[in-house]
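First residue of the sequence shown: 2, per this note's numbering; consecutive thereafter.
Everything labelled a hint here was simulated from the structure, so no lab data went into it.
Certain hints may be false.
Unchecked claim - Listed next, with one range per pair, are the computed distances between beta-carbon atoms:
(1) E163 - D368: 38 to 48 Å
(2) G281 - G391: 30 to 40 Å
(3) R141 - L114: 31 to 41 Å
(4) N246 - G391: 42 to 52 Å
Quick caveat: nothing in here was measured; it's all calculated off a predicted structure.
Where is the CB? At the ideal position from N, CA and C, for every residue including glycine.
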Amino acid sequence: MTACAIEGGTAGAATTADPGPEESGEPEEPVGAESAGLEGAAGPEGTAGAVPAGPAAPWAGAPRAPGTFTLTADGAYGARLTAAPGAPGEQRAWYPERWTLDGPEPYAVPLPLHQPEEPDAQVVPLADGRVLIRRRVADRQMFSLLYPTGPATGELALGAVECDGMTLLPPSPDGSSVYGLSAGDHSSLLWLVAGGAFGPELVAEIPGHCSGGVWLDRAGRMLALDRQLPGGGPVKAVAVDLERNGEVTPLLQIAPSSDDRLLLAEPDSGLLLIRSDAPGHDRLGWGVLGSCLPVRFPECLRPADVAVTPFAVQPGQMLMPESCAVALRIDGAAGSWVGIWRPQGRRLHQLAAPEGWSAGAGYWSRDGVLHLPYANAATPCAVARIEAPGDDGPLPETGGTDGTDGDASGTEPSGAVTPPVVCKPVPLGQAPLHRTASPD
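I would like the entire structure built from these sequences, with the hints used as guidance.
In structure tokens form, the structure reads like this:
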């Protein structure tokens, strides 16, 4: 996608391209794990209904996790670093833990080894139930696969990469591959660290400093990265074709000098969640892969005094991006809670999160149920299910102050102030290296 317009702006229109079979792993039997029911934050059947807006109080007994809760692309498995039990104030030992989420009840399997892990270790689950772990040892990044073997933990060493730092990207949609990004000021190295034939393999060297990492298709071929070219300049999302030796093509170009980052993509519908300062300040917006329509920046996605970050998009909505439910993490002074929004609904629903939610972790079912993994003193492993609220009823009165309709609590701009420039869609592989649209 080469996006070159914003709704209500003067920057042109978006040209995009599409991509499209996914694999899933088979769950294993629990080994020494405690299971918990699927009841959610409110409701006997694990479905939270109309929950009042606002955060859930954090679980006071939970140690602060050093990393994040990572899910496979299909939501079947999750993995995280967690702390061994200990007295309050005592230093905890960290170890990996795998969650199985696709059965009738979720359960967690601890994967400790002979010594505790460092807090900066990173874990990623695979579709076959194994967990990849990245450890830093001096100036090397070492990789192993962990799996339960009876009461113990098995470990398969994959090899190492000599570099100062590396970040593992979200699990590939193919379920068996994991990529790592080692970013420098002048170039960034993309590594296949799991799923290769002979250990870690260098896939591509990309000019510039890269970050992010969003999959654009279900085959695990097209990867989006946010890149700043050597010497500085704006950050622009680019597409990397992993089957063409890491060939790079532009993906977002909303305005020549704007920072345009891709946060999420849903391959079925083509819905893209974007963060850009093209409107004059940093805003959360949405567009469609393969569309000429402009990128839109809804007013309802910038409530006051909080940070809003999307973390999951409803799959299976073929050719209906505006009907996709989007889950957002909302962070404020009081904690973190959940937002749910649809492009066509033009309003942000704010819901309490379950106690002990791994903030920013979750996935949608195709029928519009949001699954949120959580753990607390009463429930060591559970998933709350929240049905996406409907968008029926009248919208709030308009009250925009920036030249658009809508207010920050309930609506998005109702239309473009200036008609967008229409341009012909260009496939990603044929996108020109430089393209900007001039205003009408």
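In rising order, the numbers of the hints this structure does not comply with
3
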